[in-house]
Amino acid sequence: MTKTLFDKVWDKHVVRKIEGGPDVLFIDRHLIHEVTSPVAFLGLKSRGIKVLYPERTFATADHNTPTINQHLPVADPLSANQLKALESNSNEYGISHWGLGHQKNGIVHVVGPEHGITQPGATIVCGDSHTSTHGAFGAIAFGIGTSEVEMVLASQCIMQPKPKKMRINVTGKLSKGVTPKDVALYIISQLTTSGATGYFVEYAGEVFEKMSMEGRMTVCNLSIEMGARGGMIAPDETTFNYVKGREFSPKGEAWDKAMEYYKTLKSDADAVFDKELTFDGSAIEPMITYGTNPGMGIGISHEIPNAEEVEGGVATYNKSLGYMGFHEGESMLGKKIDYVFVGSCTNGRIEDFRAFASIVKGKKKADHVTAWLVPGSHIVEAQIKEEGLLDIFTEAGFTLRQPGCSACLAMNDDKIPAGKYSVSTSNRNFEGRQGPGSRTLLASPLVAAAAAVTGVVTDPRELIEDEGILSSVINKVKDLF
Amino acid sequence: MAYDKFTILRSTAVPLPIENVDTDQIIPARFLKATERVGFGDNLFRDWRYNPDNTPKADFVLNNPVYSGKILVGGKNFGSGSSREHAAWAIYDYGFRCVVSSFFADIFKNNCLNIGVLPVQVSPEFADKIFTAIHSDPKAELEINLPEQTITLLPTGEQEKFDISSYKKENMMNGFDDIDYLQNIKGEIEEFASELPF
Ligand code: SF4
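Residue numbers (the working numbering), protein chains in the order written: chain B, 13 to 493; chain E, 17 to 214.
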């Protein structure tokens, strides 16, 4: 029988199939953070169970950590309590813990790949829906709830029905100023936020083949925003080069053996998908969202659609536009913005900061804009400094914060005030996601940069004077490891 | 964590006919700071339910005394977004035992099943009928029969079947969870792990 990439990885991890029920799936790597793990550990304790394979779980603090003055004690007692719980639980059960201030600390989906925890053909879970990020390596990776975190700690397995399979092909070549984020927002706008619910997606086609690992991570990260459990891309030379030599990657003979497996990780030529879609990459524009879910996105030069043109109820649509303070038929260009947030597990990697720098270089931040540049990890932070990007930012009037999830979900103090507009490179524009009453416009780091220097929604293509400079900045020092 | 067994539930229902209700609305992130699973019901739909000064918003359905019951009926694509199980906890803790919608987001549905909230997926037409019935008479009752896998709109007797895997059904009816199952096959899991290349 022919198999898809997803089938190959899934089937390899099925411990047993339950008649009329889910598969028992073995999990290779488990990532935990301070917010969704404490209750799972409580559950273990009340049942008197040990962690079965502590070496397969990795803990990092990211969701509610401050992004300034990380050397000081965490002021919010509730956050401090969660961080303490993560540390003491990790210590008690023998789990690697990269807490606040640790040099390997950062957003869980940024540090996993950085240290080679993320590997092709593995199964990876975390109590965070954007675990789909790791699918960029040809892994099956998805978000789970706290009960499932407890299951994985107790048994290294979860119980899941096998999802349906979808392949999304994006062909052709992306045009100037169009980034992986735009590709993802475009696909979501075409499928809606529930268009891939029940499916696991494989991304294929020229556009993804040419993409860097960072770009692939951005795309897979956003799979959940169209309802998919996860998304994956077949590993290739780009993947192997990225993975090789990292701390937790296989070494020596083990690497050669792993490579034998990695090379089998592609869908068979005649593999069958439950659904297959193809888009023309050259038709994609820089994207921006105008509503309160990530499916409400348009090409930046387009107008906000009328209620009748969109799928779903008119009442829900109007509620959404009302929250945003926007109207049908308006252009997004020229709208005044108050904040810019660059960061998150979607766009908080070095390439994202290079892209941001390529536009703000030699310009000045608009006076009325507050900008939060938050690296995804200490490694990204160090790279920003080493590559001279920090100097570019400083000259342009920007400061750099310390790593963490920050305004992506605004659990710490990084909250966008009520009624204010933020162009954000994160992944969700839900009501109040970035702080009660906040209004989020999701976009790429290039669009965020264009907004930061002009103070209004601006087509970044107008600011890219020389495409050569842009790509040379983006491609500079592809791999520092 | 143990939860109450679920067999037949007969109750009035609370209507929330909004689409794409995401888990950030069900429980905003700033209420996820607890290290124990208590009190989440107080913050269920916090920002739709309360003004910034903590006074109730009169136009939100949970603040309307006319509507009550153990069943929440939501619009299409209920529970999208974040994987936070806290959303399901908040629903359970508030007193709901069942959520009805014409379409559920995957992770949310799974989370519900794991903690004892029954997600019942109905056809869009049936969902419309339920909304119409409750809006015309808030005392209209629904009956959820898990053994038979049926949902009935009692005033009219209209009924639909719903899907649930036989494994999950068994769990819900007995108040079991997956960890009970997994603990029992630990030997098999260890053997499996010893043969994996990584
Ligand atoms: S950056 Fe946002 S989406 Fe990513 S892990 Fe943190 S909170 Fe979740």
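Check the hints yourself; a few may be wrong.
What the hints assert, rightly or not - Within a straight-line C-alpha distance of at most 25 angstroms, the following computed DSS-like cross-link-like pairs (lysine-lysine) qualify:
{"hint": "1", "chain 1": "E", "residue 1": "K177", "chain 2": "B", "residue 2": "K174"}
{"hint": "2", "chain 1": "B", "residue 1": "K174", "chain 2": "E", "residue 2": "K202"}
{"hint": "3", "chain 1": "B", "residue 1": "K62", "chain 2": "E", "residue 2": "K202"}
{"hint": "4", "chain 1": "B", "residue 1": "K24", "chain 2": "E", "residue 2": "K49"}
{"hint": "5", "chain 1": "B", "residue 1": "K427", "chain 2": "E", "residue 2": "K202"}
{"hint": "6", "chain 1": "E", "residue 1": "K177", "chain 2": "B", "residue 2": "K57"}
{"hint": "7", "chain 1": "E", "residue 1": "K73", "chain 2": "B", "residue 2": "K29"}
{"hint": "8", "chain 1": "E", "residue 1": "K49", "chain 2": "B", "residue 2": "K116"}
{"hint": "9", "chain 1": "B", "residue 1": "K24", "chain 2": "B", "residue 2": "K269"}
{"hint": "10", "chain 1": "E", "residue 1": "K145", "chain 2": "B", "residue 2": "K29"}
{"hint": "11", "chain 1": "B", "residue 1": "K96", "chain 2": "E", "residue 2": "K49"}
{"hint": "12", "chain 1": "B", "residue 1": "K347", "chain 2": "B", "residue 2": "K188"}
{"hint": "13", "chain 1": "B", "residue 1": "K20", "chain 2": "E", "residue 2": "K202"}
{"hint": "14", "chain 1": "B", "residue 1": "K57", "chain 2": "E", "residue 2": "K49"}
{"hint": "15", "chain 1": "E", "residue 1": "K73", "chain 2": "B", "residue 2": "K427"}
{"hint": "16", "chain 1": "E", "residue 1": "K145", "chain 2": "B", "residue 2": "K331"}
{"hint": "17", "chain 1": "E", "residue 1": "K202", "chain 2": "B", "residue 2": "K432"}
{"hint": "18", "chain 1": "B", "residue 1": "K57", "chain 2": "E", "residue 2": "K73"}
{"hint": "19", "chain 1": "E", "residue 1": "K177", "chain 2": "B", "residue 2": "K176"}
{"hint": "20", "chain 1": "E", "residue 1": "K185", "chain 2": "B", "residue 2": "K174"}
{"hint": "21", "chain 1": "B", "residue 1": "K256", "chain 2": "B", "residue 2": "K116"}
{"hint": "22", "chain 1": "B", "residue 1": "K176", "chain 2": "E", "residue 2": "K185"}
{"hint": "23", "chain 1": "E", "residue 1": "K21", "chain 2": "B", "residue 2": "K331"}
As the list claims (entries may be wrong) - Negatives, chain B to chain E, calculated, CB over 12 angstroms:
{"hint": "24", "residue": "E31"}
{"hint": "25", "residue": "G33"}
{"hint": "26", "residue": "H75"}
{"hint": "27", "residue": "N101"}
{"hint": "28", "residue": "Q115"}
{"hint": "29", "residue": "T209"}
{"hint": "30", "residue": "K377"}
{"hint": "31", "residue": "H380"}
{"hint": "32", "residue": "G400"}
Unchecked claim - Some, not all, of what chain E presents toward chain B, calculated at C-beta under 7 angstroms:
{"hint": "33", "residue": "K49"}
{"hint": "34", "residue": "D122"}
{"hint": "35", "residue": "P163"}
{"hint": "36", "residue": "E164"}
Hints listed in this document are in silico derivations from the structure and should not be mistaken for laboratory results. Heads up, the beta-carbon is just placed ideally off N, CA and C, and yes, glycines get one too.
How the hints compare with the structure:
{"no.": "1", "hint": "E:K177 x B:K174", "in the structure": "22 angstroms, holds"}
{"no.": "2", "hint": "B:K174 x E:K202", "in the structure": "21 angstroms, holds"}
{"no.": "3", "hint": "B:K62 x E:K202", "in the structure": "12 angstroms, holds"}
{"no.": "4", "hint": "B:K24 x E:K49", "in the structure": "37 angstroms, violated"}
{"no.": "5", "hint": "B:K427 x E:K202", "in the structure": "44 angstroms, violated"}
{"no.": "6", "hint": "E:K177 x B:K57", "in the structure": "39 angstroms, violated"}
{"no.": "7", "hint": "E:K73 x B:K29", "in the structure": "48 angstroms, violated"}
{"no.": "8", "hint": "E:K49 x B:K116", "in the structure": "23 angstroms, holds"}
{"no.": "9", "hint": "B:K24 x B:K269", "in the structure": "16 angstroms, holds"}
{"no.": "10", "hint": "E:K145 x B:K29", "in the structure": "38 angstroms, violated"}
{"no.": "11", "hint": "B:K96 x E:K49", "in the structure": "12 angstroms, holds"}
{"no.": "12", "hint": "B:K347 x B:K188", "in the structure": "23 angstroms, holds"}
{"no.": "13", "hint": "B:K20 x E:K202", "in the structure": "24 angstroms, holds"}
{"no.": "14", "hint": "B:K57 x E:K49", "in the structure": "20 angstroms, holds"}
{"no.": "15", "hint": "E:K73 x B:K427", "in the structure": "23 angstroms, holds"}
{"no.": "16", "hint": "E:K145 x B:K331", "in the structure": "23 angstroms, holds"}
{"no.": "17", "hint": "E:K202 x B:K432", "in the structure": "52 angstroms, violated"}
{"no.": "18", "hint": "B:K57 x E:K73", "in the structure": "40 angstroms, violated"}
{"no.": "19", "hint": "E:K177 x B:K176", "in the structure": "22 angstroms, holds"}
{"no.": "20", "hint": "E:K185 x B:K174", "in the structure": "18 angstroms, holds"}
{"no.": "21", "hint": "B:K256 x B:K116", "in the structure": "18 angstroms, holds"}
{"no.": "22", "hint": "B:K176 x E:K185", "in the structure": "21 angstroms, holds"}
{"no.": "23", "hint": "E:K21 x B:K331", "in the structure": "38 angstroms, violated"}
{"no.": "24", "hint": "E31", "in the structure": "8 angstroms, violated"}
{"no.": "25", "hint": "G33", "in the structure": "3 angstroms, violated"}
{"no.": "26", "hint": "H75", "in the structure": "8 angstroms, violated"}
{"no.": "27", "hint": "N101", "in the structure": "10 angstroms, violated"}
{"no.": "28", "hint": "Q115", "in the structure": "25 angstroms, holds"}
{"no.": "29", "hint": "T209", "in the structure": "6 angstroms, violated"}
{"no.": "30", "hint": "K377", "in the structure": "27 angstroms, holds"}
{"no.": "31", "hint": "H380", "in the structure": "24 angstroms, holds"}
{"no.": "32", "hint": "G400", "in the structure": "35 angstroms, holds"}
{"no.": "33", "hint": "K49", "in the structure": "4 angstroms, holds"}
{"no.": "34", "hint": "D122", "in the structure": "5 angstroms, holds"}
{"no.": "35", "hint": "P163", "in the structure": "15 angstroms, violated"}
{"no.": "36", "hint": "E164", "in the structure": "16 angstroms, violated"}
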